[in-house]
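Sequence lines, in order, name chains W and C.
Just so you know, numbering that gives the first Met the number 0 puts 35 at position 36 of the first sequence, and the rest follows in order with no gaps.
Just so you know, numbering that gives the first Met the number 0 puts 234 at position 235 of the second sequence, and the rest follows in order with no gaps.
These are calculated hints, taken from the structure and not from any lab test.
Ideal Cβ positions, reconstructed from N, Cα and C, are used throughout, including at glycine.
Warning: the hint list may mix true and false statements.
Claimed, not checked - Computed Cβ-Cβ distance ranges for the label pairs, DEER-style:
1. D476(C) with A178(W): 48 to 58 Å
2. A459(C) with L209(W): 56 to 66 Å
3. D343(C) with S238(W): 51 to 61 Å
4. E284(C) with F211(W): 38 to 48 Å
5. T321(C) with F211(W): 29 to 39 Å
6. K225(C) with R127(W): 46 to 56 Å
7. A542(C) with A178(W): 43 to 53 Å
8. A459(C) with F211(W): 25 to 35 Å
9. F192(C) with N212(W): 16 to 26 Å
10. I75(C) with F211(W): 51 to 61 Å
11. A121(W) with V121(C): 52 to 62 Å
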Amino acid sequence: MKLWRMLLLFLVVMFMGLSVARADAGRAEAEKFFINAVKAYHEAHYTDAVALNEAILAQGFSSPAVYYNLGNAAFKSRRIGKAILNYLRARSLAPRDSDIRANLSFARTMVENYAPVRSVSAFAPLERLFSGNELQWLALSLLALTGIFFLGSLYAGFPQKRVVQGTVLLVLVTGYFSAASFAHTLDQIGASVCVGKAEARFEPNAQATLYFNVPEGTEVRIHREKDGWAKIERSDGKSGWIMSVLAEKI
Amino acid sequence: MRKSVMIMLFALMLSTAQATDITVKATVKSARIAFGSVVSYTITVNGAQDLQPPALPPIDGLDVRYSGPATHVAVINGVYSVEQSFNYVLIPLKKGSLTIPPVEVDVKGQKFTTEAVAVDVVTAVDETPSVNGGGDKVQDIESRLKVLMAVSKARVYAGESVPLTIRLYVNQLSLQELSFPEITHDGFRLESFSEPKQFQEAMDGINWQVIEFSTLLYPTRAGGIKISPAVLRGSLLFKAESSKDTSGGLFDDGFFGNFFTSYQKRPVTMTSNAVTLDALPLPEEGKPADFSGAVGEFEFTAEAAPLKVKAGDPVTLRMQLTGVGSMKAVTLPVFKADGFKVYDPQIKDEGARKSLEQVLIPTDVKLSAIPPVKFTYFDVKSGAYRMIERGPFPLQVAPASKGDEFQAVGFSRSAEVSVPETFGRDIVFIKDHPGRLEKRADAPLWQMAFYVILALYLQAWGAFLVIYLRRRRLMNDPRFARQAAAAREARAVFKAAREHLADGNTKGFYEVLENGLRDYFSSRCGLPSGNLDILSVEEVLRAAQLDEKYILRLKDIYKVAEHARFAGMPGGVEGMQSHLADAEDIVRLVERRSR
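Put together the whole structure using the sequences plus the hints.
Okay, here's the thing in structure tokens:
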């Protein structure tokens, strides 16, 4: 019985070793693509830079810098929709990066009929500071801190009033962070960018009545998808159907 | 030792099993595809890995794009096999029977060659027929895209504005990410293209989707001007062939069909025709000395305000030019005259309108008017030079009040004229380091791990809280503490009784059993053990709705125990075993009822 366990352990270790080796090899290749993409951008071959950055993503690797550079190359290739999409992806990973925020802000001004929407969410300050993963970690850490404080205070025999005050305060802070994390997750669902100029129609077919135009780079939310069409909602609440390929999820 | 040998044998088995024959084959996902779709082409190398992707030669009628490798490792019945495949996307550029030639693959120095693969590119089933069936006439992508460039006039004056139109005709293709036309400038200047218009047009019996770009062109010299072909870039969207059998099946309905459909993009560059212009030189005859190069048809207006001022007060002179012509090339007259301090003008160029604003400060009270301003241009309609004069503007200049002269803008040495600084705008430069490249699939796993950690943490917290509350109650509630300890103490009693039973100590056995049961019920009911006789216990058991037979058995235990204490052993070892079992059953039942 113990021998089988050892064999199983050996196989698991071997499999993990192979996986790690393959991942490292893939990462090295992705880094080469990145260097070539930077070089292509320097030489003003923006279309090549777009393709090389997309090759990194096709290999399953990503980083804020990859999305950011892809956004820049797309911007220089006059593909505003693709640029905004990738700046938003970069911002979701690195929300404190001022370069990403500056370029996103500038690219948005290039969108036809762009009207800036000021976030009224109570969690907007946190979302500007932390990524989704960071918010989850913070919520989890605060939850642990609350538990440790509460139970530790009880076991240590602190005055009950102090324990209640401290716990309530920590629970409120934890609740705020947890709600922000949850709101961020909900906010990501269906968030998309139009990567081409689209026409929103009342029904999901090309013969349906045209409702409104969706300029390239417009940030929309996808609610439904059907037969190659996506039901989108733009920031003013108007909804219509556009071809799915014209809206890419963030 | 035995384990080590087994592991080594296993490893050896793996290594020997891997040394199999190497085979190389090429396959396409579907040998018959619709024009406008793409097909996957795969070269599979069985028995080797860590290979470089083979380079495919140019294939007539097919555009090849490498889409990445895949490695498959399997251990079946102890036999280790590895397979590496290289995937390519082929985009048909024309219809008909196309052949992918044999491809040479280098496997660790050994050369292998794949078989040639044939692909039939056929007309798409859903291809919309054109006006008179012209769809079949159009066989390849090049003939489905057409760019035509035209100018509204072929003979113009140098500097005159000429409307330029570039029309992109698209037939039965899905085109995306279209760039604005690029034209090499030589001998002319081009304004930015406006937003393109889209409409449909029938031409040569085919319905075309037309995208029209318009702008204005200005010849910068006289003579023949060749406008080089305009280049447009975009991406064609091709439907990727799914692996499902097209003859029908579970996944052949609309829902699954669309669910599994994916698209491939192929960059495409389109070039228009060239256009030639004949630019006439502007006549030298009658050319005014102040002619600044404005060519077109213009309206010029000018006004000054206020016209009643004190010496040292500012007067604003505004000029506006509207009309047809190159506003960028036009220079508006800048005011200069004696008796005025003049500031640099602010000029605004707003497409078909250009305006100039200039601040003048009269310094002489004798001034009675602002001199006229003149604008000269070449009128393309009449083919002659024209001059428009506006003014003079009557002006009354009063002497400045004492002290005011030092407050006038421009006269104070300490006051600086602040001109708003204009900043350029563009994107921030790219990053030179990729940072940590993370596997993109990690995100959902982290989401799952987060919720698992959260659930475990909440459970642990709940457990600690329960333990704390129980511990506090045990400390503060003696009755609860006794009840909690009752079962444990009863188990200790039964253990002691079992030892007496093994020694054959009847008296000790019953003494331990009777006292133990009394203490147990005393703890369980929260009563003093001295006051607890069989009648009190019986009451408690009845209240707990215990079966009558257990009450009788307990009474029997008490009775026999009393007997044994004073008169010796009545029932032998079997009797003691039976009483011990009864006592254990009763305690177990009471514990169960009390939960």
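Okay, the hints, checked on the actual structure:
Range check, D476(C) to A178(W): about 39 Å between beta-carbon atoms, so the 48 to 58 Å window is missed. A C-beta distance of roughly 58 Å is found between A459(C) and L209(W), which places it inside the suggested range of 56 to 66 Å. Here the CB-CB span from D343(C) to S238(W) is close to 52 Å, well matched to the stated 51 to 61 Å. Evaluation of the 38 to 48 Å hint for E284(C) and F211(W) yields a failure: the beta carbon distance comes to about 56 Å.
In this structure the supplied range 29 to 39 Å holds for T321(C) paired with F211(W), their Cβ-Cβ distance being about 33 Å. For the pair K225(C) and R127(W), the beta carbons lie near 54 Å from each other, so the given range of 46 to 56 Å is met. Separation of A542(C) from A178(W) is about 51 Å and conforms to the stated range, judged on CB atoms against 43 to 53 Å. Checked against the hint of 25 to 35 Å, the C-beta distance between A459(C) and F211(W) comes to roughly 53 Å, which is inconsistent with it.
Range check, F192(C) to N212(W): Cβ separation about 18 Å, and the 16 to 26 Å hint holds. Checked against the given bound of 51 to 61 Å, the beta carbons of I75(C) and F211(W), roughly 57 Å apart, stay inside it. Between A121(W) and V121(C) the CB atoms are about 58 Å apart, so this pair conforms to the stated range of 52 to 62 Å.
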